[in-house]
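There are 2 protein chains.
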Amino acid sequence: MTLIDGKSVANERLNNLSKTITSLKEQGKRAPGLAVVLVGEDPASQTYVASKIKQSKKVGIESKSIVLKEDTSEFELIEIIKSLNNDEAIDGILVQLPLPRHINSEKIIDSINPNKDVDGLHVHNVGRLVQNKEAFIPCTPLGIMSLLEAYEIDLEGKDVLVIGRSQLVGNPVTTLLKHKNATVTQAHSKTKNIEEKILNHEIIVVATGVKAMVKADMLRDYHIVIDVGIHRENGKLCGDVEKSAYEKVKMITPVPKGVGPMTIVSLLENTVKAYYLKGDNHG
Amino acid sequence: MTLIDGKSVANERLNNLSKTITSLKEQGKRAPGLAVVLVGEDPASQTYVASKIKQSKKVGIESKSIVLKEDTSEFELIEIIKSLNNDEAIDGILVQLPLPRHINSEKIIDSINPNKDVDGLHVHNVGRLVQNKEAFIPCTPLGIMSLLEAYEIDLEGKDVLVIGRSQLVGNPVTTLLKHKNATVTQAHSKTKNIEEKILNHEIIVVATGVKAMVKADMLRDYHIVIDVGIHRENGKLCGDVEKSAYEKVKMITPVPKGVGPMTIVSLLENTVKAYYLKGDNHG
Numbered sequence: 662m663t664l665i666d667g668k669s670v671a672n673e674r675l676n677n678l679s680k681t682i683t684s685l686k687e688q689g690k691r692a693p694g695l696a697v698v699l700v701g702e703d704p705a706s707q708t709y710v711a712s713k714i715k716q717s718k719k720v721g722i723e724s725k726s727i728v729l730k731e732d733t734s735e736f737e738l739i740e741i742i743k744s745l746n747n748d749e750a751i752d753g754i755l756v757q758l759p760l761p762r763h764i765n766s767e768k769i770i771d772s773i774n775p776n777k778d779v780d781g782l783h784v785h786n787v788g789r790l791v792q793n794k795e796a797f798i799p800c801t802p803l804g805i806m807s808l809l810e811a812y813e814i815d816l817e818g819k820d821v822l823v824i825g826r827s828q829l830v831g832n833p834v835t836t837l838l839k840h841k842n843a844t845v846t847q848a849h850s851k852t853k854n855i856e857e858k859i860l861n862h863e864i865i866v867v868a869t870g871v872k873a874m875v876k877a878d879m880l881r882d883y884h885i886v887i888d889v890g891i892h893r894e895n896g897k898l899c900g901d902v903e904k905s906a907y908e909k910v911k912m913i914t915p916v917p918k919g920v921g922p923m924t925i926v927s928l929l930e931n932t933v934k935a936y937y938l939k940g941d942n943h944g
Numbered sequence: 662m663t664l665i666d667g668k669s670v671a672n673e674r675l676n677n678l679s680k681t682i683t684s685l686k687e688q689g690k691r692a693p694g695l696a697v698v699l700v701g702e703d704p705a706s707q708t709y710v711a712s713k714i715k716q717s718k719k720v721g722i723e724s725k726s727i728v729l730k731e732d733t734s735e736f737e738l739i740e741i742i743k744s745l746n747n748d749e750a751i752d753g754i755l756v757q758l759p760l761p762r763h764i765n766s767e768k769i770i771d772s773i774n775p776n777k778d779v780d781g782l783h784v785h786n787v788g789r790l791v792q793n794k795e796a797f798i799p800c801t802p803l804g805i806m807s808l809l810e811a812y813e814i815d816l817e818g819k820d821v822l823v824i825g826r827s828q829l830v831g832n833p834v835t836t837l838l839k840h841k842n843a844t845v846t847q848a849h850s851k852t853k854n855i856e857e858k859i860l861n862h863e864i865i866v867v868a869t870g871v872k873a874m875v876k877a878d879m880l881r882d883y884h885i886v887i888d889v890g891i892h893r894e895n896g897k898l899c900g901d902v903e904k905s906a907y908e909k910v911k912m913i914t915p916v917p918k919g920v921g922p923m924t925i926v927s928l929l930e931n932t933v934k935a936y937y938l939k940g941d942n943h944g
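Chains X and S, in that order, give the protein sequences.
If you want my numbering, it's the position in the first sequence, counting the first as 1, plus 661.
If you want my numbering, it's the position in the second sequence, counting the first as 1, plus 661.
Treat the hints with care, since some could be wrong.
Which copy? The list can't say, so a pair holds if one copy fits it or any two copies do.
[To be verified] Here are the simulated lysine-lysine pairs, DSS-like style, with alpha carbons at most 30 Å apart:
#1 LYS668 to LYS718
#2 LYS794 to LYS872
#3 LYS876 to LYS897
#4 LYS794 to LYS853
Calculated directly from the structure, the hints in this document are not laboratory data.
Let the sequences and hints guide you as you build the complete structure.
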C-alpha cells in the first residue's frame, strides 16, 4: 500500500513557485498579486482566508484580504470586484464562499474578470474547461490532477469512477479525467449498485462530503483512491473513505495530508498563471 | 422491439410550435425570428441551411438566411453577427458550421449574444448547462431528451453509456442525462472493453460518427439504444448502429426517422424560447 503524500508534493510545488517569484523580483518585475474577498464573520471562512493569505505570502505573492461586513450589499460587493478587475497589481481574485444569503453568488462570481478568476468558477471558465480550451480550473480538481501526475498514475483508457457531482470537485474532475482519455463514470446520490461499480473500477475519486461513505470492505488491493472529503471526528480529521481502508488498497490519498494541501497550491499556481496571462509585467 | 418514432414525435412538436406562433400572430404580436448564416458554398451546408429555413417558415417563424462568400473575413462576419445581435426582429442566430479555415469558429460563436445562441455552443451556454442553470442546449442532445421524455423512458438511477465526446452531442447529452439523475459512463475512442460496457448498461447513446460501429451481436433484448449517427450507404441513410440490431433490442431510434427529425425541432423550439426570453414582444 502507498499513501499518496500530498503534503510533500505540495511542498515541492510551493518551492517551485517561490523560486519563480524570487526570480521575477530579481529581474525587477512586480510580484503576482492575489485578492481574497471575505464577506461576514463565518469562523471557518476566516480560517480558510487567513491560510490562503499566509501561504501566498510565503511564496512571495503580494496578497491582500478584503474583509467586508455581513450586511454588505450585492451592489457594493460588485463595485469592489470591479475595482479589483481594474487593479493592475491584482492578477487573481477569489471570493470566499459561501456568501451571505442576501447576495447572489452566481452574479458575484460572474462579475469577476474571467482572466482573474483563480477559483475557476466563472461561467466562462466552466464552459472553456468543457471545451478543452485553456481555462482556469477549480483548485481541488487541479490539485488532484497534479497529484496523479506526480505519482505517474496513467489515465489513458483507464476506467475511473468519480463519486460526486459538485461544481467544485465532481464535475470538473470528471471533465479533466476525460480529457486525459480516461473512461469516466460519474456516480452520485441516485446511483444504484455503487458497491459493484466500485469493484469494477480501478481508480476511484470520492467527493461526496459524506464522512466514511466508502467503507473498507468495498475496496480491494487493486484500487487507487483519491479521497477529497474532509471532516472532523473527535478532534481529528478524516475523509469520505474509512481509515481502515488505507491498508487494503494499492494507493490512497490520506486525510489529512492528501488532497488538502494541493488545493491551496493550485490556487497559488492559478494566480501565477493569471500573472503571465496578463502579460503587462515589465518591471 | 419498439422503433422510437422520431418523425412522429417531431411532427407533434412542430404542430405545437405552429399553434403557439399562430396564436401570437392572432394577438397582434410579431412572430419569432431566426437568422441562419452560411459562409461559402459547401453543398451539405447549403442543404442543411435550406432545410432549417423551410421548416422554420412552416411553423411561422420569420426566418432568413444570410449567405456570404467563402472569402468573407472574420471581421466582416463578426460585424454581421453584431448587427443581428442588435436586430430587434431576430431572436435566434445560427452560424452554420464548419466555417472556412481562415475564420476562427470559437471567436465567431462567442460573438453571438448568448441569449440568441439557439445552437447552444456559446461558452456561456456551455458553462450554464454544466452548472444546471437555464441555458440554450445544443439541438441534437435537446432532441434526444425530448424523445426519451415522449417515450417515458425513466432515467433516474439508470446506468447510461454515452459513446462519444463531441461538443455537439456526446458532452452535452452526458450532462443532461446526469441532471436527470442517470449514472452516466462516457466512452470514446480510447475506451477499453467497450463490448463489456455495452452489456453492462441498459441505455446506450451512440454518437461516434463511425458507421455501424455498434454491431448487432453487441446488443441484447434489454437495450434501449439512441443512434445519433447519420451516414450514407448505397444511397440509403444508416447510423452508428448496424441495422440488423434493430430487431434484437428493446427500443431503438432508427436511422432515418429517429433522432434526425428531432434536431431541427429543437432548433425551432430554442428560437421560440429565445423569443420569450427577450420579453419585448408586445405587438
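Here is what the structure says about each hint:
1. LYS668 to LYS718: Within one copy, since 18 Å is at most 30 Å while 63 Å is not.
2. LYS794 to LYS872: between (34 Å within a copy, 28 Å between copies)
3. LYS876 to LYS897: within (18 Å within a copy, 54 Å between copies)
4. LYS794 to LYS853: between (33 Å within a copy, 25 Å between copies)
In terms of the numbered hints stated before, the structure departs from none.
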